[in-house]
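Chains as they are written, first to last, in numbering that gives the first Met the number 0: chain A, 0 to 251; chain B, 0 to 286; chain C, 0 to 297.
None of these hints come from the bench; they were simulated from the model.
Careful: at least some of the hints might be erroneous.
[Claimed, not checked] With a straight-line Cα cutoff of 35 Å, these simulated DSBU-like cross-link-like pairs (lysine-lysine) come out: (1) A/Lys194 with A/Lys77; (2) A/Lys138 with A/Lys86; (3) A/Lys129 with A/Lys115; (4) A/Lys138 with B/Lys189; (5) B/Lys133 with A/Lys185; (6) A/Lys117 with A/Lys86; (7) A/Lys86 with B/Lys40; (8) A/Lys117 with A/Lys3; (9) A/Lys129 with B/Lys40; (10) A/Lys231 with A/Lys129; (11) B/Lys40 with C/Lys105; (12) C/Lys105 with B/Lys283; (13) A/Lys185 with B/Lys97; (14) B/Lys40 with A/Lys117; (15) A/Lys195 with A/Lys241; (16) B/Lys97 with C/Lys105; (17) B/Lys283 with A/Lys117; (18) B/Lys189 with C/Lys105; (19) A/Lys115 with B/Lys133; (20) A/Lys238 with A/Lys3; (21) A/Lys194 with A/Lys241; (22) A/Lys115 with A/Lys86; (23) A/Lys119 with B/Lys189; (24) A/Lys195 with A/Lys86; (25) A/Lys195 with A/Lys231; (26) B/Lys97 with B/Lys189; (27) A/Lys138 with B/Lys40; (28) B/Lys97 with A/Lys77; (29) B/Lys97 with A/Lys129; (30) B/Lys283 with A/Lys115; (31) B/Lys283 with A/Lys77; (32) A/Lys194 with A/Lys238; (33) B/Lys189 with A/Lys86; (34) B/Lys283 with A/Lys119; (35) A/Lys117 with A/Lys195.
Predicted, not measured: the structure shown is a model, and the values here were computed from it.
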Amino acid sequence: MNNKILIENLSLQYSDGTESLRGVSMGIRQNAVTVLFGPAGGGKSTLLRCLNRLNDLTEVRASSGQILIDGENILDPKVDVVALRRKVGMVFARPVPLPMSIRENVIYGLEMSGEKRKSKLDEAVERSLKLAAIWDEVKDRLNDPANALSGGQQQRVCLARVLALQPEIVLLDEPTSGLDPISTGKVEAALQELKKEYTVILVPHSVQQAARTADHAAFFLQGELIEYDDGKKMFTTPKEKKTEDYIMGRFG
Amino acid sequence: MMKLLARNRHTVQRLGFSFITLMAVVTVLPIVGTIVFILFKGGSAISLEFLTGFPHDGMRAGGILPAIIGTLYLTIGTAIFSVPLGIAAAIYLAEYAKDNALTRLIRLAIINLAGIPSVVYGLFGLGLFVLFLKFGTSILAASLTLSIMTLPVIISTAEESLRSVPQAFRTVSISLGATRWQTIRRIVLKEALPGILTGVILGLERAAGETAPILFTGAAFFLPRLPGSPFDATMALPYHLFVISTQVPEMPIQIQYGTALVLLVFVLTMNVIATVIRSRARAKRQW
Amino acid sequence: MEKSLSFREFIITRLIQASGYSAILFVALIFFFLLREGLPTLSEVETSSLLNVRWYPIESYFGIFPLITGSLIVTLGAALIAVPFGIGTAVYISEIAPRWMREILKPLVELLGGLPSVVLGFLGILIVSPFLRVFLDLPTGLTAFTGSLLLGGIAVPTVVSVAEDALDSVPRAYREGAWALGATKWQTIWRVTLPAARSGVLTAVMLGVGRAIGETMTVMMVTGNAPVLAVKLNSLFSPVRTMTATIAAEMGEVANGSTHYHVLFFIGMVLFLISLVVNVIASAVVFRAKKRAERILS
């Protein structure tokens with residue numbers, strides 16, 4: 000199988016000393032859901048934020064190693080980060096609709112990239128909202144403010160907003176942490192659709208969700224990658240004691 | 000007697016609260032009194048002729064149109080320079096500046112600008128704009144002087160307003176491939192606009208009411224016509240009020256109160272607009 | 000810098016950056032022009048004569064001492080009024096007033112801050128000074144005290160709004176802790192809230208004083224403008240003249256480049272330095288307090 004992303008010996012620490020990564024190396028497969036799980040503060044979110052260089056917005060003290068996407072090291076200072084972020088989309092834990100209408104939210108990224116043609120934009124709105132399984136619920140009120148929607152709907156609009164850019168990789172950082180079980184189910188179902196087209200990397204909000212969704216799973220503990228394996232194997236027969244303890248609920 | 004009172008802590012509290020309340024009343028009542036008094040006294044002087052006529056008979060009769068128009072020009076002139084510069088500086092401080100020595104120096108400079116006495120601004124304007132740059136005593140020189148004086152008000156309120164826009168909006172916008180400036184223009188500025196506008200109006204309100212900075216940079220004692228270019232001197236309401244209340248003997252009291260009233264209304268209107276914008280934006284805010 | 004930054008974005012970013020730096024430029028420019036026009040004083044007027052007690056420029060007496068004492072006495076009087084009333088009002092707004100009252104009072108205080116000083120001076124001449132002349136049985140109502148009274152009114156809004164901010168930022172938990180220990184609201188205000196906010200309140204006082212010492216129009220209109228040495232207590236009830244009023248009153252009539260002109264700029268320089276010191280100290284107090292608060296919280 001094909002490694003879309005190759006992380007090589009990545010280490011990183013914020014300048015205030017919090018959450019860090021230590022010597023993480025892993026390959027991430029195309030057209031699959033890769034789950035990064037583990038207790039809070041383990042470095043999962045940091046890793047996600049490295050993949051689209053959102054870490055640039057925070058102060059990072061030290062960073063070594065590299066991340067290759069399609070063979071290109073994206074940590075290289077010369078990389079075009081704007082283009083990178085269009086290629087690597089991200090959905091956050093809390094749904095943050097921008098203070099504008101549903102439609103404007105979805106086309107925001109496209110507009111910022113210079114797309115002005117209405118037909119293209121309309122097409123993107125319908126395609127991405129359908130893909131995020133929210134089209135039927137919002138198609139008659141696309142011009143309503145996005146924050147009038149329920150939390151679950153907002154989160155799916157946020158997903159659609161990312162998909163509108165037709166990224167190659169979709170990062171999701173605990174996207175269902177604030178949602179009810181029904182909305183969570185819808186988002187998870189959407190993920191299974193997504194992986195047909197995209198490389199999906201998910202930080203789940205529970206071990207159960209990790210087990211439900213993972214094609215591949217990586218267990219992080221205090222900034223280190225403890226175990227990385229096929230999803231099924233990981234949640235039935237983990238190799239490492241620490242992984243087993245965590246999955247069994249002995250800590251975390 | 001005092002001992003008796005002290006024994007009952009709640010009596011002390013009641014007395015204390017009454018005392019503090021009284022202090023607040025004594026502080027605030029004169030403002031209301033001043034405004035009501037001037038509205039009352041000046042009201043009878045207001046007529047169409049007073050508002051649209053030129054002064055004559057050594058300013059002891061006629062209207063105050065040149066002063067009204069002059070203050071309008073000065074306020075607009077001040078806005079032209081201070082609004083873009085102030086907002087841009089606020090954007091720099093809120094969105095770009097790192098927490099380092101240079102930024103602290105900028106903040107210190109802004110605090111100092113806010114504290115410099117208005118008459119010193121007048122001296123500076125005289126030295127730089129009127130004499131060194133040879134703008135003469137003019138609307139241009141006075142507006143530039145007032146702009147620099149207004150700058151700290153605009154910068155600090157605009158920065159506060161920009162900072163109150165949730166960080167998450169910026170993160171989301173950047174993560175969707177927007178550049179920093181796109182994020183600021185499309186999201187941050189749009190959301191911070193009411194707050195910025197409030198600060199701008201409050202800053203301009205101060206500029207409109209100031210006398211000392213324009214004394215030697217652009218104010219004319221008496222001008223029988225309206226200024227024709229930015230290089231002309233101009234009459235202005237605050238300076239006119241100063242002149243007719245101290246420099247002109249046997250000035251009819253009606254005209255003095257009338258002028259004070261017009262100035263007050265000019266300034267109060269701006270203040271009320273600013274307050275309304277702020278409270279409406281707060282009520283409408285989606286975050 | 001990002002590589003894909005388009006040229007436009009690059010230009011805009013630079014403009015924004017330059018605007019940010021402009022504040023430093025302006026302070027430097029102001030200082031430079033005050034020095035440029037003010038420093039010749041030192042070669043034109045002897046230092047001993049400058050510190051003399053006589054200000055009579057027509058006969059080349061340039062003693063700025065009476066002006067300094069004039070400014071000090073008026074400012075002192077204003078501070079004695081503005082500080083207690085300002086802090087009292089701030090306490091009322093932040094700790095005692097019901098919510099609806101706050102909503103009325105805060106904009107009202109802001110309104111007072113925006114009242115043109117010339118309007119207050121105007122009322123000072125017409126109302127306050129005749130009243131004081133009769134009430135205190137003085138030869139003239141245009142005195143330092145009249146100036147202090149009105150200047151107090153001008154400084155109050157500054158004191159109120161800064162002090163109110165400081166009180167407001169005292170964590171609610173402090174107050175709740177005190178109430179839980181059985182303190183009354185009144186005791187809590189004096190023993191907990193005000194002490195916790197003291198650096199902010201101090202800043203409020205400094206800024207209020209700074210505002211008062213720099214105020215020009217009102218004092219020029221109501222203090223009688225007599226450049227006499229004001230060092231006795233009863234000077235408060237006689238006419239004085241401040242540094243600001245001197246500049247405002249005389250700059251219009253002097254020839255550019257004359258000694259008198261240079262001396263007026265020199266006075267401006269002194270005022271600038273005073274406001275610089277006041278503001279640097281005030282902001283240093285805030286900065287230190289912030290550091291302390293951060294230490295406590297982290």
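>> Tell me the numbers of any earlier hints that the structure contravenes, in ascending order.
In response: 5, 7, 9, 13, 14, 19, 27, 29 and 31
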